[in-house]
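S.K.: Work out the full structure, taking the sequences as your base and the hints as a guide.
Sequence order for the protein chains is A and B.
Note that this note's numbering has the first sequence beginning at 1, numbered continuously upward.
Note that this note's numbering has the second sequence beginning at 580, numbered continuously upward.
Don't take every hint at face value.
Said to hold, decoys possible - Derived pair list, reagent style EDC-like, types lysine to aspartate or glutamate, alpha-carbon separation capped at 20 Å:
| id | chain 1 | residue 1 | chain 2 | residue 2 |
| --- | --- | --- | --- | --- |
| 1 | A | Lys147 | B | Asp653 |
| 2 | A | Lys481 | B | Glu1188 |
| 3 | B | Lys1183 | A | Glu65 |
Stated by the list, open to error - Computed far set for chain A versus chain B, every beta-carbon distance over 10 Å:
| id | residue |
| --- | --- |
| 4 | Glu65 |
| 5 | Gly69 |
| 6 | Gly105 |
| 7 | Arg128 |
| 8 | Glu220 |
| 9 | Phe239 |
| 10 | Phe314 |
Said to hold, decoys possible - Far from chain A, some chain B residues (derived; all Cβ distances over 10 Å):
| id | residue |
| --- | --- |
| 11 | Asp617 |
| 12 | Thr655 |
| 13 | Gly737 |
| 14 | Lys887 |
| 15 | Gly943 |
| 16 | Ala1126 |
Bear in mind the hints are in silico, worked out from the structure with no lab data behind them.
For every residue, glycine included, the Cβ atom is placed at its ideal position computed from N, Cα and C.
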Amino acid sequence: MVTLVIDNKTVCVPEGTSILDAARTASIDIPTLCYLKDLNEIGACRICMVEVEGQDTLVAACDNEVHEGMVIHTNSQKVRMTRRVNLQLLLSQHEVNCVKCTRSGNCKLQKLSNDYNLLGAPYQKKLRPAPVDYSAPILRFENRCVKCMRCVQVCDKMQGVHIWDLVGTGSRTTVGTARANSLSSSLCTYCGQCVTHCPVGALEERDDTDHVYRMLADPELTTVVQVAPAVRAAWAEYFGLAPEQATPGVLASALRELGFDYVFDTNFSADLTIMEEGSEFLARFTHKDAYAWPMFTSCCPGWVRFVKGQFPQFSKNLSTAKSPQQMFGAVAKSYFAEKIGVDPKNMRVISVMPCTSKKAEAELPTMRDACGDPDVDVVITTRELVRMLRCSMIDPAALEESSFDSPLGSGTGAAVIFGATGGVMDAALRSAYYLVTGKNPDPDAFTAVRGMQGWKEASFEIPGAGTVRTAVVSGLGNTRKLLEVIASGLAQYDFVEVMACPGGCAGGGGQPIHDGVECAEQRGNVLWGLDKTSALRFSHENPDVQALYTEFLEKPLSKRSHHLLHTDIDAWQMPQNLG
Amino acid sequence: MSRLDIKTASKAQTVVDRLYKDMERRIASSPPGLCPIDMSLTFLQLCHAQSCGKCVPCRIGLGQLAALMGQVLDGTGTMLTIDTIEKTARAIVASADCAIGRDAAQLVLSGFEGFRDDYVNHVQHHRCLASLQNPVPCVSLCPAGVDVPGYVALVREGRYADAVRLIRKDNPMPTACAYICEHPCEARCRRNMVDAPVNIRGLKRYAVDHAGDVPNPPCEQSTGKRVAIIGGGPSGLSCAYYLRLMGHGVTIFEEKKKLGGMLRYGIPAYRFPREKLDAEISSILSTGVEVHTGVTVGKDISFEQLHKDYDCLYVAIGAHTDKKTGIPGESSKNVMSAVEMLRAIGDDVMTDFTGKRVVVIGGGNVAMDVTRSSARLGAASVTCVYRRRIADMTALPDEVKGAIAEGAEVRELCAPVRIEANEAGEAAALWVQPQIIGFADKTGRPRPETADQPEERIPADLIVVAIGQGVEIAGFEQTGIPIRRGTFMAESSSQIDNMETVFAGGDCVTGPATAIRAIAAGKVAAANIDEQLGFHHEIRTDVEIPAPHLDVCPPRGRVNTKEREAAQRKCDFEDIECGMTHEEACAESGRCLRCDHFGYGIFKGGRTERW
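M.R.: Dropping the structure here:
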């Protein structure tokens, strides 16, 4: 243990503790900007500077360890003035246009600048001409970037994709795409973790709400909205509502208030995905020699981009089933359009997703199977939904619950857990068990795949089929490790679920941002709770899915299912130009 | 008013003069990987500030050049901007009145030769081609990438055995490098911005001298694979060490009687004591290496046989043949090559030079080695003859200084013309032609030219030729290993093109170079041989690096290593260098700025924990 004095308080902490952590254990907070626990402790912004007695220069609190007998002042005049100068320097290269920035009110730089009274600008303003690339679903605004390096670290350490890096040296050093000239020509998975870990508004989702407003306003169009499982666990956070208040029923009402003609649920197509993917798995599992193993889930577009870009040898292992978002679009513009007698060309499918990569998925040339138009027309993230609600003066706290529309608005407990790591596997196993044995297992028989651990393994016995060896990973950094181990032959699995974001979609790149707080676990628990209290907890028991098969698709893996619900993963390419 | 004044510097001038010195040191410690255009622009702005302002091209032109380069850097330039820069720079070179303007514009033109693609990339993609690959200067300049800040910190904490363990992760010959490394790590040491580079090699020597016996890490489980290494010098030994740790079987075939290569047969014992060398070699061999000495590949056993019998080969035969001067009389008796002389010493054959006048031809480190060894073998006088200036010698300045201190005469600007022999055919004198230093060649190195002076006779009883070594390629011509200009051609992975299982490295690929480069080649080869054999073993260490002290050591002199008194040390082959004292090692290790932690290092590339 090390004993030291911080702001006249004696503090005793284990050796190796940072000054910042030592102060926080004593309830003394030190302001930070670039710091992100365990991911970015590099002292780049020089805001967390503190004074150490006996030393001329200040010391960064985030990346330096305490030493025995230190006497530290976290808030002396010298410290305050130095932080202030560094903030002013940051602002000299910052496009201080908070009114136009979606992070206004949720911005570390803005808060610090307010607190440190930065009226008056002693330094010459130096912004850089930097056009924004709107072709990718993630946008980077050069003149908002504070070069905190969090995006670089998140992409390197958490996701292992290495898209962002420092570009150039000296005064012109900035963040850019490594080994590619733009994000859209890089191997970016568009997972959006860099966005949710940006302390300012330098990285953002591309805002597509304008398209939605236009569609809503067009009387010729029938608008159909689907909302992903994980959105319901997070959408009301910015409104300060607890999940018990902001129920899925309230969410349905909010969407209806926005003016959508049909308010549906991606849970429906999650159940459908389980029918298709579960059947596909069993078909492969009973003809083992004909397929490459393990089979990978394919519902996460970030993961699909990752495997295509980084481990193309494994792309044939992906399930051919489309993601729930895309299955929904294809069913809406065929089965449902026919049912209500609407020309699918006059139908617009809008998704609300916890995800930035879903925007790119909907734009793929292979996702136009129902009528030739894109099956999903616009994808907005949870954050964009919140923006739409605010713009439309819709206060969720004042809304009554209502139900989703029929028939694409129903979902089981097995569907809602798609938004949490392990959920797809859990749901698939529940139905696979049924499909083989004709009997339902205990819905909580597969708990070993749940939980926040980045890489989980479990084997399950399905009578009549054999032992299914499963693995569940979330976070692309964990995914890379898993694939390397599989490639080296050191581990063998039959079925692997991958979600690109740590904790799954609950922690997705399109979810509300709370700086320095990882919310995936808490939101995931909301979803597991919804499953627990669902009347139906097996995808194959979803009556509307059953009806869809009887009336339209015939059976899982039928010819029509293949046409609408499956896809050829090799029919599109990741950017090849890595110049 | 006085008619003349004594010139005294103003206070401002005194301070500016000091700043010039500071900037010289600062420029010298620029980290590798900076944007070359940004640096050129900065230099150009300095040049512009030096302008007296009299002439148009310099006063205005340099500023316009700077503005144009700024446009390129800011991403507002076009391809036309690049043309304008070049045209303007040429006009300034052509019309500036003095060197201030002319050489400033020349600096820009040199940039066009060196990094035009950088200009183009800035214009077309608004980004630089350069990037900091390894931000810790000492580590990035060490060919083997040894964790210098790590072991310096361990020395500071008194953890010498851990320091040795840490070094061995990247370099299995810490003792050799502690004694004889040319320490490229010190060249850009950031401490130079404050005062002077840290004496890194001196600290390493302190660590190895005080570490005691440090056992090697255990070898991985045997893979059953067998690798033959041809040549038991630093490169071959290093490769053997890592391959053994990875679990591969290793056999070294060495032509000479003993292992060590140039560490034994090139470097005299007074620089690297034999017992230290022997201890280092036996430490490496203790990992379980099979050794065959006195075996010449190509004579005693064929390359093809080895190729067939082993899963991979590493060729590291060094550069042990001597180069001839080609002057008349070179074949006289008592004319020997440096290689010959040092090889005998390496095998402990100490020829008596008592009473002899020795003349050494050459200006490299080997020339210094034979010069200083001759003195130790009892020579009455030793004269080192070199056709350029002492300042142009490739030998380390300390070596030259040491030789002179030990009584050697260094005759600069003397080109050997012929060797005069007596009736018995023995060398009697070396005739030299005085030179005048002339124009610089393309690299900026001035060339010697014949001076308008008569030849001179330097009497000699023994002449040693030390003008360079080559690779003994005889026996390897038929193997399929490509040879260019007398060295083997290998990829940067050490692999031989079109020969999957054959690797080569060290002096036989680079030509005569340094021990640390040979060691690094062995390390690289080991890693790639491991991959070639279908494995991915990782070399790592469990040594924990101490957290840095937070107080920055104020400017403080560098502790230079001292040498034994010249008159005494020249009488024996004992170590000439005195290691640091404990007090000195503490002070010197405290000067390290810990670039692994402070600066970019904590963000990226500060430490490579495994390879």
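S.K.: The structure should be examined with respect to each hint, and the outcome stated for every one.
M.R.: Quick rundown of the hints versus the structure:
no., hint, in the structure
1, A/Lys147 to B/Asp653, "17 Å, holds"
2, A/Lys481 to B/Glu1188, "17 Å, holds"
3, B/Lys1183 to A/Glu65, "19 Å, holds"
4, Glu65, "5 Å, violated"
5, Gly69, "12 Å, holds"
6, Gly105, "29 Å, holds"
7, Arg128, "7 Å, violated"
8, Glu220, "43 Å, holds"
9, Phe239, "37 Å, holds"
10, Phe314, "18 Å, holds"
11, Asp617, "5 Å, violated"
12, Thr655, "7 Å, violated"
13, Gly737, "17 Å, holds"
14, Lys887, "29 Å, holds"
15, Gly943, "35 Å, holds"
16, Ala1126, "5 Å, violated"
Checked against the numbered hints given earlier, this structure breaks hints 4, 7, 11, 12, 16; the rest are met.
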